[in-house]
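In this note's numbering, the protein residues as written are 10 to 610.
Rather than coming from a laboratory, the hints here were simulated on the basis of the structure. Fair warning: this is a prediction, and the values are worked out from it, not measured in the lab. Keep in mind that a hint or two might mislead.
Unchecked claim - Ranges between beta-carbon positions, derived for each pair:
#1 112 x 21: 11 to 21 Å
#2 292 x 16: 49 to 59 Å
#3 229 x 526: 51 to 61 Å
#4 534 x 153: 47 to 57 Å
#5 257 x 102: 28 to 38 Å
#6 404 x 445: 19 to 29 Å
#7 507 x 356: 21 to 31 Å
#8 21 x 56: 16 to 26 Å
Cβ atoms here follow ideal geometry from the backbone N, Cα and C, with glycine treated the same way.
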Amino acid sequence: FAQPKIGWVEISNIRTDGGGAVLEIGDVMVQENGISMATAYDDSFNQTPERLLRSIRALGYRGAINHYVGMSHYFRLETSGPGLYASLSAPQPGEEFSAINQPCTNWHRDLVTRAKAMDFSVILSLSYELFDEHCWTDWKQRAENGDPALTGWAPPSTLLSPANGNAMGYLQAVARAFTAIVRDAGAAIRFQVGEPWWWVMPDGRICLYDAAATAAFGANSVSISDIRAPMDAAQNAMLDQAGSILAQSTADILDAVRAEAGVAPLETLLLAYLPTILDEEAPEAKRANLPVGWASPAFDILQLEDYDWVIAGDHAATRRGIDLATQRLGYPPNRQHYFSGFTLTPGDDFIWANMARAIRDAQLRGTPEIFVWALPQVARDGFTYFDEEDDLLNEFDDVRFPIAIGRGATVSPKFSTGIVTTLSGHERRNSDWADARLEFDAGPGIRSEEELRTLIAFFRARRGSAKAFRFTDPYDYSSLNMVEEPTALDQPLGTGDGQQTRFQLVKSYGELGDKQLRPISRPVASSIIVAVDGQEETAWLPGEGGAIEFDTPPISGAQITAGFRFDVPVRFASDQLEVSHATFLAGEIPVVPLIEVKEVT
Numbered sequence: 010f011a012q013p014k015i016g017w018v019e020i021s022n023i024r025t026d027g028g029g030a031v032l033e034i035g036d037v038m039v040q041e042n043g044i045s046m047a048t049a050y051d052d053s054f055n056q057t058p059e060r061l062l063r064s065i066r067a068l069g070y071r072g073a074i075n076h077y078v079g080m081s082h083y084f085r086l087e088t089s090g091p092g093l094y095a096s097l098s099a100p101q102p103g104e105e106f107s108a109i110n111q112p113c114t115n116w117h118r119d120l121v122t123r124a125k126a127m128d129f130s131v132i133l134s135l136s137y138e139l140f141d142e143h144c145w146t147d148w149k150q151r152a153e154n155g156d157p158a159l160t161g162w163a164p165p166s167t168l169l170s171p172a173n174g175n176a177m178g179y180l181q182a183v184a185r186a187f188t189a190i191v192r193d194a195g196a197a198i199r200f201q202v203g204e205p206w207w208w209v210m211p212d213g214r215i216c217l218y219d220a221a222a223t224a225a226f227g228a229n230s231v232s233i234s235d236i237r238a239p240m241d242a243a244q245n246a247m248l249d250q251a252g253s254i255l256a257q258s259t260a261d262i263l264d265a266v267r268a269e270a271g272v273a274p275l276e277t278l279l280l281a282y283l284p285t286i287l288d289e290e291a292p293e294a295k296r297a298n299l300p301v302g303w304a305s306p307a308f309d310i311l312q313l314e315d316y317d318w319v320i321a322g323d324h325a326a327t328r329r330g331i332d333l334a335t336q337r338l339g340y341p342p343n344r345q346h347y348f349s350g351f352t353l354t355p356g357d358d359f360i361w362a363n364m365a366r367a368i369r370d371a372q373l374r375g376t377p378e379i380f381v382w383a384l385p386q387v388a389r390d391g392f393t394y395f396d397e398e399d400d401l402l403n404e405f406d407d408v409r410f411p412i413a414i415g416r417g418a419t420v421s422p423k424f425s426t427g428i429v430t431t432l433s434g435h436e437r438r439n440s441d442w443a444d445a446r447l448e449f450d451a452g453p454g455i456r457s458e459e460e461l462r463t464l465i466a467f468f469r470a471r472r473g474s475a476k477a478f479r480f481t482d483p484y485d486y487s488s489l490n491m492v493e494e495p496t497a498l499d500q501p502l503g504t505g506d507g508q509q510t511r512f513q514l515v516k517s518y519g520e521l522g523d524k525q526l527r528p529i530s531r532p533v534a535s536s537i538i539v540a541v542d543g544q545e546e547t548a549w550l551p552g553e554g555g556a557i558e559f560d561t562p563p564i565s566g567a568q569i570t571a572g573f574r575f576d577v578p579v580r581f582a583s584d585q586l587e588v589s590h591a592t593f594l595a596g597e598i599p600v601v602p603l604i605e606v607k608e609v610t
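All chains, full assembly: derive it from the sequences and hints.
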């Protein structure tokens, strides 16, 4: 057709029969996990919102759904020569909006309506990204040599120039359309501007040179061939102006959203991708891509995403990045959200473990809403998240068993070995546990009535076996030969790879080649000494579960070692403590059994 036409297809009188007439979809319901889900229209336009919402609830996610409206399926199209381009032409009969197509409108209305009925709120996310083939040429950000900003997707998307009035006017129209859908559904309006930035090429070229941007910079436009290079005053001035242009463009989008929302309550959110905009190799990039014009109260909520760091297991970079963003923009933790993810390739299970760790860290920071990116990867790999680890931490009192009593305790290391005797009389033995589980009897350490009273008070404070606590094994509490003063070279923790910053404290037992490794979850923090390639290192912090976290990753091949004193996490083996004053005076020793608690490390 010379002009776009509106139509639909209706399929009716459908009947299925035979052995495969019914598809098994799974009847599962995972307990609520306290975190939220992220979705995207480009990933799910060919599924019904009902199916998506059912899956999200079944997997335990509640609260908000952060829904990216996408970059390749929401727009209307118009012809220009042989090409098709994103359109703002007048809606035809049967269309509601000039900026988004009617199937997209119908889909999102159904999503928002059903989500509201299921007590989900939907955060609609709009980015500056657009499918390159359908983007007008003058809307694109460009490098200094004229190359368009292109992402790594195949086929690629491009980035719209914050300086181009037509491009920004288009995004404002898109934002108004989606806001109207949510408003008319009577749902809470939560609108996110997602990852707005000036694109940086892999070789360091920053895309500040499209015609509209060059005109906006005027005399301030100078050459920046590599954003990673040291900047002079003129280049920094240009980056600052780029930040101001970017901040103004997001403010204009929010103004359009507010105008469309009218009197309806509105929450505004900004999503920032930290590994790019806070790249330590390009320290001045934040002038353009994390502008001070975004500082609170420009938005209600600052959302932070850092999946490059999560994939690498660089939790120290996450900590530094979030601290810097918090300091620069002034949003306290209770006005921040966090996105953990994502696992692009099937089989990269280690990334899910890193994501779970990042989620726990965000919870410890007090982040009110945490999102997993995203539903297609979660459904593909079967990732589920539980709060059990945090519950275990909450059931631990970080106090030590009375030392004087504990010094007289007896200890019993215990393994679990399955032994099968074959018909020939030979045995086959299989060790069920990688590490021993310790049992103690603290009774022999009680020497006086005063110590007996101390024990009873300690037992009551722990509510019997309900709460675990620290216990110093009188026979094994040091990284060096059980009881000697630790040194930084006692225990090997691993080898640096240039990315990993977190190393678990362990203690090894046995001969070289057949060592039994014991994770240490309760070190005495003040006793830890760390060395890298034999040289003592101080640029680290103690982490959760007996880990150490370096400020910067040790170089590839570096040998990480540590020395430390440690306690054993234990609980009372019984909820009942039997003590007789008369028999104690007669010399009978009470039995006070303690059992080791295995913790997540």
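Cross-check of the supplied hints:
The hinted range of 11 to 21 Å is satisfied by residue 112 and residue 21, whose Cβ atoms lie roughly 19 Å apart. Hint check: residue 292 to residue 16, Cβ distance near 54 Å, so the stated range 49 to 59 Å holds. In this structure, residue 229 and residue 526 meet the distance hint of 51 to 61 Å, their C-beta atoms being roughly 59 Å apart. With their beta carbons about 51 Å apart, residue 534 and residue 153 fall inside the hinted range of 47 to 57 Å.
Range check, residue 257 to residue 102: Cβ separation about 37 Å, and the 28 to 38 Å hint holds. Between residue 404 and residue 445 the C-beta distance comes to about 22 Å, which sits within the given range of 19 to 29 Å. The supplied range of 21 to 31 Å is met by residue 507 and residue 356, whose beta-carbon atoms lie about 23 Å from each other. Look at residue 21 against residue 56: about 21 Å separates their beta carbons, and that is inside 16 to 26 Å.
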